Amino acid sequence: MSLVFRNPFVWCVLLLAGASGTLHAQVMPAAEAVQGNVGDQVVDAAQSIGDPWWDDAKPDAARELRPSGQGQQPSRQTQRAMAILRRELSLVRAACPSLSPDARAAILSAALEGVGKAAATKPVAAPAPQIVAPGAVVQIQAGGSLRHPDIAPVVEEAVAKAVARSARPDEAEAFSHEVAARATRRREAAVAILVEAVDQTALLDESQRQTLARALDKNWQPLWERLAIQAGQSRVTGRQLPPGVAAVVADVLGRDQFNTWQERLRRLPGS
Amino acid sequence: MKALHTITSLDARRRHVGAWLIALSCAFAGRVGSAGDDVVVESSAAPSTPGAAGQQVLVGNVIIRGDGRAVVFGAANRQPQYDLGGLFDQHVFGRLAAGNQVFIINGQSAPRGTSALEQALAAVRERCQQRVEMLETVCHLDASQVRTLAMALESDLKRVESQIAAERERYEGRTMPATPQGLDRAVLEEVRDTGLKCRRLLDALPGAGSLLGSVVHETLSPAQADRFAAWLEGRRACRWRAMVKTVLVQLDESGLGLSSKQAMAIEKSLRADVPPLAVLGDGPLEQQARQALHFQTILVKNRLRLRAIEWEHLLDPRQHAMLTIQIESTGDPATVERMLVEQGLLDPDTRRPPRQETP
Chain A
1 MSLVFRNPFV
11 WCVLLLAGAS
21 GTLHAQVMPA
31 AEAVQGNVGD
41 QVVDAAQSIG
51 DPWWDDAKPD
61 AARELRPSGQ
71 GQQPSRQTQR
81 AMAILRRELS
91 LVRAACPSLS
101 PDARAAILSA
111 ALEGVGKAAA
121 TKPVAAPAPQ
131 IVAPGAVVQI
141 QAGGSLRHPD
151 IAPVVEEAVA
161 KAVARSARPD
171 EAEAFSHEVA
181 ARATRRREAA
191 VAILVEAVDQ
201 TALLDESQRQ
211 TLARALDKNW
221 QPLWERLAIQ
231 AGQSRVTGRQ
241 LPPGVAAVVA
251 DVLGRDQFNT
261 WQERLRRLPG
271 S
Chain B
1001 MKALHTITSL
1011 DARRRHVGAW
1021 LIALSCAFAG
1031 RVGSAGDDVV
1041 VESSAAPSTP
1051 GAAGQQVLVG
1061 NVIIRGDGRA
1071 VVFGAANRQP
1081 QYDLGGLFDQ
1091 HVFGRLAAGN
1101 QVFIINGQSA
1111 PRGTSALEQA
1121 LAAVRERCQQ
1131 RVEMLETVCH
1141 LDASQVRTLA
1151 MALESDLKRV
1161 ESQIAAERER
1171 YEGRTMPATP
1181 QGLDRAVLEE
1191 VRDTGLKCRR
1201 LLDALPGAGS
1211 LLGSVVHETL
1221 SPAQADRFAA
1231 WLEGRRACRW
1241 RAMVKTVLVQ
1251 LDESGLGLSS
1261 KQAMAIEKSL
1271 RADVPPLAVL
1281 GDGPLEQQAR
1291 QALHFQTILV
1301 KNRLRLRAIE
1311 WEHLLDPRQH
1321 AMLTIQIEST
1331 GDPATVERML
1341 VEQGLLDPDT
1351 RRPPRQETP
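First to last, the sequence lines map onto chains A and B.
Reminder that position 210 of the first sequence reads as 210 in our numbering, one-by-one numbering, no gaps.
Count along the second sequence from 1, then add 1000; that gives the number in our numbering.
Misleading hints may appear alongside valid ones.
[As the list claims (entries may be wrong)] Cut-off 30 Å, straight-line C-alpha distance, at most; resulting in silico cross-link-like pairs (BS3-like, lysine-lysine):
1. B/Lys1261 to A/Lys58
2. A/Lys122 to A/Lys58
3. B/Lys1197 to B/Lys1158
4. A/Lys58 to A/Lys161
5. A/Lys117 to A/Lys58
6. B/Lys1261 to A/Lys161
7. A/Lys117 to A/Lys161
8. A/Lys122 to A/Lys161
9. B/Lys1268 to A/Lys218
10. B/Lys1261 to A/Lys218
These are computed hints drawn from the structure, not numbers from a lab.
This structure is a prediction, so every number in the text was calculated from the model and none was measured.
Based on the provided sequences and hints, a complete structural model is requested.
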């Protein structure tokens, strides 16, 4: 099986499949074209890192999370946790390219423990909110919705602690810097999405766009980060702003322009 | 033999094909021309919803219409007929067409046409008025300029209304047998082409071909035109910035693991050249948020591919292979750009100077 993962194309496909969290059928034809045994790949995609740089440092890692039954599908929660882990390890590799094999093996071991912990979290019954916390998964079921607790912080924390413990200080600092930079990118993307959403209908001038961006950044709410991560699934418009944004916009526009904007939104088709 | 076909109102061509399928399935079902006169039109309990308005389902000898009514037929003496006026309305107005009835069974037809035209014109009027309001706000138009634009808008609306009404008259009340023997494909195509031509008249307002579009250029002072052009550029840059940042976050989330240096280099490369985004807010994609999002992602990935030479050396082979899979899945770059123009996401006229000065 490791030979499969030495082919960068194969693990790229599997990495993408795993990152989707659900291994949708649309990804599978690509994997199938590369390797015929799709069933094994599905299981492996959720249980291996898919990157020889990591897998070779700890060859038995894939077996640690293998379900007891032969051919048994890993849970959706495990797949989701593994997708987050792959994302985090990818960042570790980019930030610390000189990590020793021993350090990699130690980080991978600790990270897999985090995955096991994250995968063991139980969903709780909850109404599906319009915007959920970063990393949370909402599962709609007959008779109500089940909300999985946000598992991303569990995996992220496990990786961050493992890097701090096992990497050299300069490597750990580099990783910490990259994690912070990524958070900034998400935040900037969310602010850009919100400014553009308001600009669609509020007819802002350039100075107002910049002022609004600064005001949103100043009044930042962690919930808004989800806008950037989920931006591929729903488009934010002036009529569907997340909680807290309208108040910031009102401050920037002033009462008259804000009311004019609200009136314009009411006149839009479909209002 | 049971037949089940669905006509959706997603676009006119699909409706046309769907109508053909229904006609053919009527013939294959062996219901048309059978004995008896048990033609029944009854109301079903299903509520009429906007989403279902353009849908008709044929099950055996029952047509379930988009407005929730079931039409049961099995009569020999009444063949299903194409209602050419209804078909024309569907091509022009889409789901605004009342009942969306393509077929007449037993000579009955839902009232339609005038109200759909009125609704369509009201939507176009609102869209054009928003354009005038946009110009008024951004360019600080005076009262006489606003009046001029309002008059041009009224003129455009009257022209379009009379043109569509004249075309409608040609088909109003006309029917054609929906059987292989009575079907005239050329007539159906003519109705479709005329309907789509009228649809384009509505969609073109307040575009460059309209009186309002041309009067705008003559009405604005050079300073106002420059101001408007600069404002559009700012709006375009704002949208492009959001699109680029969003797609980069999504790529990162998919496991790319970009370092800050890599992310900055890619973003810089992409944002250096703002594409000619259509940002006036009245494009066909504006009302379809999910589709707009999909095409925006395709656009960024396409631009990423076109500018790959500027960033590919920054990635390691693992990241490069992964990104290549994602951006190449969008298809041939030139074809993608053409498709995005057709979808209304890109406006190829954007590069044109906003105002032609006369000496």
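Each hint, compared with the structure:
1. A threshold of 30 Å between alpha carbons decides the hint, and for lysine 1261 of chain B with lysine 58 of chain A the separation of about 29 Å falls inside it, so the pair holds.
2. Taking the CA atoms of lysine 122 of chain A and lysine 58 of chain A, the gap is near 29 Å; set against the 30 Å cutoff, the hint holds.
3. Distance hint between lysine 1197 of chain B and lysine 1158 of chain B is fulfilled; the C-alpha atoms sit about 17 Å from each other, no more than 30 Å.
4. Pair hint lysine 58 of chain A plus lysine 161 of chain A holds up; C-alpha atoms about 18 Å apart against a cutoff of 30 Å.
5. With a CA separation close to 19 Å, the supplied pair lysine 117 of chain A and lysine 58 of chain A stays within the 30 Å bound.
6. For the proposed pair lysine 1261 of chain B and lysine 161 of chain A, the alpha carbon gap of about 23 Å is at most 30 Å, so the pair holds.
7. For the suggested pair lysine 117 of chain A and lysine 161 of chain A, the alpha carbons sit about 15 Å apart, so the restraint of at most 30 Å is met.
8. About 24 Å separates the Cα atoms of lysine 122 of chain A and lysine 161 of chain A, which keeps this hinted pair within 30 Å; it holds.
9. The suggested pairing of lysine 1268 of chain B with lysine 218 of chain A holds, with an alpha-carbon distance near 24 Å, which does not exceed 30 Å.
10. Straight-line distance between C-alpha atoms of lysine 1261 of chain B and lysine 218 of chain A comes to about 25 Å, which keeps the hinted pair within the 30 Å bound.
Hint violations for this structure: none, all hints satisfied.
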